[in-house]
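Chain X is already provided as a structure; the job is to place chain W on it using the hints.
Chains as they are written, first to last, in my numbering: chain X, 1 to 430; chain W, 1 to 430.
Calculated directly from the structure, the hints in this document are not laboratory data.
Hints are not guaranteed to be accurate.
What the hints assert, rightly or not - In silico SDA-like links for lysine to any residue, alpha-carbon gap of 20 Å or less:
| no. | chain 1 | residue 1 | chain 2 | residue 2 |
| --- | --- | --- | --- | --- |
| 1 | X | Lys-26 | W | Ala-19 |
| 2 | X | Lys-26 | W | Arg-16 |
| 3 | X | Lys-385 | W | Lys-385 |
| 4 | X | Lys-244 | W | Leu-361 |
| 5 | W | Lys-26 | X | Glu-397 |
| 6 | W | Lys-53 | X | Lys-244 |
| 7 | W | Lys-367 | X | Gly-257 |
| 8 | W | Lys-84 | X | Pro-7 |
| 9 | X | Lys-244 | W | Ala-363 |
| 10 | W | Lys-244 | X | His-215 |
| 11 | X | Lys-385 | W | Asn-87 |
| 12 | X | Lys-384 | W | Leu-361 |
| 13 | W | Lys-26 | X | Asn-6 |
| 14 | X | Lys-244 | W | Lys-385 |
| 15 | X | Lys-367 | W | Ser-141 |
| 16 | X | Lys-384 | W | Lys-244 |
| 17 | W | Lys-26 | X | Leu-65 |
| 18 | W | Lys-367 | X | Leu-252 |
| 19 | X | Lys-26 | W | Gln-10 |
| 20 | X | Lys-244 | X | His-215 |
| 21 | X | Lys-384 | W | Gln-122 |
Protein chains: 2
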Amino acid sequence: QGTRDNPPAQTALRDRLLAAVVACFKRHGAAAIDTPVLELRETLTGKYGEEAKLIYELQDQGGELLALRYDLTVPFARYLAMNKITNMKRYHIAKVYRRDNPATTRGRYREFYQCDFDIAGQFDPMIPDAECLKIVHEILSDLQLGDFLIKVNDRRILNGVFSVCGIPESKFITTCSVVDKLDKMPWEEVRSEMVGEKGLSPEAADRIGEYVQLHGGLELIEQLLQDPKLSQNKLAKEGLGDMKLLFEYLTLFGITGKISFDLSLARGLDYYTGVIFEAVLLQQENDRVEKPVSVGSVAGGGRYDGLVGMFDPKGRKVPCVGVSIGIERIFSILEQRVKASGEKIRTTETQVLVATPQKHLLAARLKLISELWDAGIKAEMLYKKDPKLLKQLQYCEDTGIPLAAIVGEQELTDGVVKLRDVATREEVRM
Amino acid sequence: QGTRDNPPAQTALRDRLLAAVVACFKRHGAAAIDTPVLELRETLTGKYGEEAKLIYELQDQGGELLALRYDLTVPFARYLAMNKITNMKRYHIAKVYRRDNPATTRGRYREFYQCDFDIAGQFDPMIPDAECLKIVHEILSDLQLGDFLIKVNDRRILNGVFSVCGIPESKFITTCSVVDKLDKMPWEEVRSEMVGEKGLSPEAADRIGEYVQLHGGLELIEQLLQDPKLSQNKLAKEGLGDMKLLFEYLTLFGITGKISFDLSLARGLDYYTGVIFEAVLLQQENDRVEKPVSVGSVAGGGRYDGLVGMFDPKGRKVPCVGVSIGIERIFSILEQRVKASGEKIRTTETQVLVATPQKHLLAARLKLISELWDAGIKAEMLYKKDPKLLKQLQYCEDTGIPLAAIVGEQELTDGVVKLRDVATREEVRM
Chain X
1 QGTRDNPPAQ TALRDRLLAA VVACFKRHGA AAIDTPVLEL RETLTGKYGE
51 EAKLIYELQD QGGELLALRY DLTVPFARYL AMNKITNMKR YHIAKVYRRD
101 NPATTRGRYR EFYQCDFDIA GQFDPMIPDA ECLKIVHEIL SDLQLGDFLI
151 KVNDRRILNG VFSVCGIPES KFITTCSVVD KLDKMPWEEV RSEMVGEKGL
201 SPEAADRIGE YVQLHGGLEL IEQLLQDPKL SQNKLAKEGL GDMKLLFEYL
251 TLFGITGKIS FDLSLARGLD YYTGVIFEAV LLQQENDRVE KPVSVGSVAG
301 GGRYDGLVGM FDPKGRKVPC VGVSIGIERI FSILEQRVKA SGEKIRTTET
351 QVLVATPQKH LLAARLKLIS ELWDAGIKAE MLYKKDPKLL KQLQYCEDTG
401 IPLAAIVGEQ ELTDGVVKLR DVATREEVRM
Chain W
1 QGTRDNPPAQ TALRDRLLAA VVACFKRHGA AAIDTPVLEL RETLTGKYGE
51 EAKLIYELQD QGGELLALRY DLTVPFARYL AMNKITNMKR YHIAKVYRRD
101 NPATTRGRYR EFYQCDFDIA GQFDPMIPDA ECLKIVHEIL SDLQLGDFLI
151 KVNDRRILNG VFSVCGIPES KFITTCSVVD KLDKMPWEEV RSEMVGEKGL
201 SPEAADRIGE YVQLHGGLEL IEQLLQDPKL SQNKLAKEGL GDMKLLFEYL
251 TLFGITGKIS FDLSLARGLD YYTGVIFEAV LLQQENDRVE KPVSVGSVAG
301 GGRYDGLVGM FDPKGRKVPC VGVSIGIERI FSILEQRVKA SGEKIRTTET
351 QVLVATPQKH LLAARLKLIS ELWDAGIKAE MLYKKDPKLL KQLQYCEDTG
401 IPLAAIVGEQ ELTDGVVKLR DVATREEVRM
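So here's chain X without its partners, still in its complex pose (with noise of 0.2 Å):
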């Protein structure tokens, strides 16, 4: 249940996606690692918050305990501590895991690829944060998925806003957690949930609810610096500080044009501690084909610098800043668009079909074909003794192969090979 098998047309498909998504990371400068799909239990435990409970552990069989990687992001933490590695700019593409209720319509599944990219290092200020936003806007663009905003925040300043407002410290993460289900619920609802499951006061509730519902561009963030409440808070003003900073630098990218601050943005997971930031599809109002698939978020990211510590015996802390991009969902939407285009995805690439006009030439059609697969050349033959040549060039059509290399009795005693061109139907003899 929520996995699903890839057949070849969408294997296909994936393939040409990921490739688009691994230029990208290779254009930043990136290299590949590899880690286990199996991740020791306790290296999971007490990064996720509330999603913990979707982890997948495997049976006690005899030694260590085990459970399937929930994303890409521990494992990387992990790997760098494990290496004592304090500089580094990866990228890893691979599934990983969670015991979530599957949406598979909208592209939700439990068993998932994801594509991160992440930058360690002690570095300069938002610098890498820049990069990675940077990431986001290039591959959205380059997938043509149509208009997309990217939501920033930080997680400072959401603290520095929880803290103004009268929650105490132990209660942030919590809260954080609620103000995140602002993209799929009023705020109405999320106050009511802050005030009676999570036991915040009403007017502690109120006021929060006056910043998360704020969102803007570099005015905003002037305008917060000088909110007489805000500026007093230090984490609050790093952040907005930062986040300047970050402007800046995405206005020389020249990409503030889809990027939104935003204070709504709280991402579920424990681990950030600085940047954070989403990106969403936005609908079409003109689209003609059909209504796009809602997706929710095709991207997302963040600084976390407390994870790589959580590992070291020494507690050592490497900085780290990264985006996974969201492709299953992505999939789901060029999945669709093609069905509605009619456009029909070649799932080999088979340049030339082996052919025979006669009986008994099955030895002629082995020879030929093994000199084409020595000389690099991508070819089939049917499996059969004795095919019909009209199935052999429907097998042609059918699955889109260009060419056929026709040896008959008379090209063998003539020592050449015909070569139909499958479409146009001309044929040289070379």
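Same frame as chain X, now just chain W:
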């Protein structure tokens, strides 16, 4: 335990290796599919003989009882049956899981890649089987792993041998898995396991010994076809007839020089029904660098005509034959070879580093790098506001970046960029 992180240099090498394998599979017209790492436990039950105890099971957390896939063949058969596909040529490259005793220096892991190519469908005998052997031959030749030998046998011939040696049919599978140990232990030990643990009579074991120590080519096939006992056995006769046909096709492919018909080859898995094969690397006598690692089999496969039917409610059969490339073992060899040669593998593809020779030029760098990325050029910069030029050039040398695009105050005034060849130190303004 028994898994490993793959750092960038290993991942780059593995990607190179996988690319060569995929190129061969595509050359033979295969389409790619992808199936989940998780399978229902019942799907895997009864397919792997004695090896079933090595299956990783997931904890029962409510819902279905799951396990990690053990190979890619059983999931492929399940996929064909579920989708009622009777005809397909596919490849699948993915990780599989076995709770085996790891022997990591010899490339034996609990999590490892398999690279499978299979042909499903009812075809004329031995044509797809011959192609599988051609593929093994192509891949092992392409990778320049040194001399190799592909051993070939047929389950029907083995069963015929067991039958004429007086083994009851109920003991065929057990006998098969003992014979399979002949590549690791001498005949005397195998014989004593047959008689001791498996309860065969000493006479029967001796009769088996006479057959399973035979190996050769076409002349051995002819000899066995004349064997007074074997030629009376229906299964053996069928198997030997097909083996003869196979050798005819392999002769047309020009690869019999590396193929040996070997009656000791049994292969452990239950599901094989016809041709089976396994490729081994041969020790090089004149290897000057160092003794090659003994890695055992580097490819294997065979025909499994009954497996798909086990997943079909009506038991409809789809004949299949396939090959699995032992990429981990090959990878171990290549890894050791790279280590011995001192070759430094580049882990990124960055073409140019954007650099500045003076302070206060971060904005110029960000603007230029953004232009390069948008033009599809692989570019990096250091994440510092004011890095020293020497540090920037050093980074190029350390990571193999061939060019530096330098913008200083003079270049900014003139509206140019100074492009420096890192190796030759030549510079051009452009």
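Hints versus structure:
1. About 17 Å separates the Cα atoms of Lys-26/X and Ala-19/W, which keeps this hinted pair within 20 Å; it holds.
2. A distance of roughly 15 Å separates the Cα atoms of Lys-26/X and Arg-16/W; the hinted pair therefore holds under the 20 Å criterion.
3. Simply put, Lys-385/X and Lys-385/W have alpha-carbon atoms about 70 Å apart, too far for the 20 Å limit, and the pair is violated.
4. Taking the CA atoms of Lys-244/X and Leu-361/W, the gap is near 18 Å; set against the 20 Å cutoff, the hint holds.
5. Distance hint between Lys-26/W and Glu-397/X is fulfilled; the C-alpha atoms sit about 18 Å from each other, no more than 20 Å.
6. Our distance criterion of 20 Å between C-alpha atoms is broken by Lys-53/W and Lys-244/X, whose separation comes to about 59 Å.
7. Only pairs whose Cα atoms come within 20 Å are accepted, and Lys-367/W paired with Gly-257/X is accepted, the gap being roughly 16 Å.
8. About 13 Å separates the Cα atoms of Lys-84/W and Pro-7/X, which keeps this hinted pair within 20 Å; it holds.
9. About 15 Å separates the Cα atoms of Lys-244/X and Ala-363/W, which keeps this hinted pair within 20 Å; it holds.
10. Distance check on the hinted pair: Lys-244/W and His-215/X sit about 76 Å apart at the alpha-carbon level, beyond 20 Å; violated.
11. Distance hint between Lys-385/X and Asn-87/W is fulfilled; the C-alpha atoms sit about 17 Å from each other, no more than 20 Å.
12. As the CA atoms of Lys-384/X and Leu-361/W are separated by approximately 69 Å, the hinted pair breaks the 20 Å bound.
13. Between Lys-26/W and Asn-6/X the CA atoms are separated by roughly 18 Å; this keeps the pair inside 20 Å, and the hint holds.
14. Distance check on the hinted pair: Lys-244/X and Lys-385/W sit about 16 Å apart at the alpha-carbon level, within 20 Å; holds.
15. Distance hint between Lys-367/X and Ser-141/W is fulfilled; the C-alpha atoms sit about 18 Å from each other, no more than 20 Å.
16. Only pairs whose Cα atoms come within 20 Å are accepted, and Lys-384/X paired with Lys-244/W is accepted, the gap being roughly 17 Å.
17. Between Lys-26/W and Leu-65/X, the direct Cα distance comes to roughly 40 Å. Violation of the 20 Å bound is thereby established for this hinted pair.
18. The hinted pair formed by Lys-367/W and Leu-252/X meets the criterion: a straight-line CA distance of about 6 Å does not exceed 20 Å.
19. Between Lys-26/X and Gln-10/W the CA atoms are separated by roughly 17 Å; this keeps the pair inside 20 Å, and the hint holds.
20. Note on Lys-244/X and His-215/X: the hinted pairing holds, with a Cα-Cα distance of about 14 Å set against a maximum of 20 Å.
21. In summary, the hint linking Lys-384/X to Gln-122/W is supported, as the alpha carbons are separated by about 10 Å, within the 20 Å threshold.
The structure does not agree with the numbered hints 3, 6, 10, 12 and 17 stated previously, though it agrees with the rest.
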